[in-house]
Amino acid sequence: MVDTWQPSPSNNVISAQKLADFSVFITNQEEAKQAIKGLVSEDIKLIESLINAPQSAWIKAIEGFSVEQVKNLCVFFTVGEMEFSSWAFGSKNPTIYFIKQLKVAKTPLEKDFIHWLKKQTDNRYIPYGAAL
Numbered sequence: 121m122v123d124t125w126q127p128s129p130s131n132n133v134i135s136a137q138k139l140a141d142f143s144v145f146i147t148n149q150e151e152a153k154q155a156i157k158g159l160v161s162e163d164i165k166l167i168e169s170l171i172n173a174p175q176s177a178w179i180k181a182i183e184g185f186s187v188e189q190v191k192n193l194c195v196f197f198t199v200g201e202m203e204f205s206s207w208a209f210g211s212k213n214p215t216i217y218f219i220k221q222l223k224v225a226k227t228p229l230e231k232d233f234i235h236w237l238k239k240q241t242d243n244r245y246i247p248y249g250a251a252l
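In the working numbering, the protein residues as written are 121 to 252.
In case anyone wonders, no lab produced these hints; they're calculated from the structure.
In this text, a Cβ means the ideal position worked out from N, Cα and C, and glycines have one as well.
Worth double-checking, as some hints may not be accurate.
Below, a list of computed lysine to any residue pairs in the SDA-like style, where the Cα atoms sit at most 25 Å apart [what the hints assert, rightly or not]:
#, residue 1, residue 2
1, Lys223, Ser205
2, Lys180, Ser169
3, Lys165, Val224
Estimated spans, in silico, between C-beta atoms of each pair [stated by the list, open to error]:
#, residue 1, residue 2, range
4, Val144, Ala251, 16 to 24 Å
5, Lys223, Lys165, 30 to 38 Å
6, Phe233, Gln154, 26 to 34 Å
7, Val160, Ala251, 17 to 25 Å
8, Ser205, Ala225, 30 to 38 Å
9, Ser169, Met202, 30 to 38 Å
10, Pro228, Val160, 31 to 39 Å
11, Val144, Phe204, 26 to 34 Å
12, Lys239, Ala208, 18 to 26 Å
13, Pro174, Asp141, 20 to 28 Å
14, Glu230, Ser169, 17 to 25 Å
15, Gln154, Val133, 28 to 36 Å
16, Val224, Lys157, 27 to 35 Å
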């Protein structure tokens, strides 16, 4: 009998409470890198386990979040991807999904913030995702 690999079902469920906790973790853009470095290993591993979570799971998890909370999560995942090599989201960085969701909700982020995000990363997909 040949076993086949099955993706972890937990990748489809993201804790809204945990994301809310992460959004509070970022108090301002200037101190984001320092704050990210203070993450406990359990949280770092949790994020690693969510790298391939589908966009729908991320969007469901932020339902009801304020624009400020979503903005903080954008900082969290953008800066975190640069700080931890194991967070190599690439085109699946939740920041991309969050920015798209805010645009759909007619609450796009300010251009200055988008420029700041782009300066924090070498991920060519941030902020808007793949070209096609």
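Review point. What are the numbers of the hints that this structure violates, sorted from low to high?
Key: Of the numbered hints given earlier, those the structure breaks are 1, 3, 4, 6, 7, 9, 11 and 14, listed in rising order.
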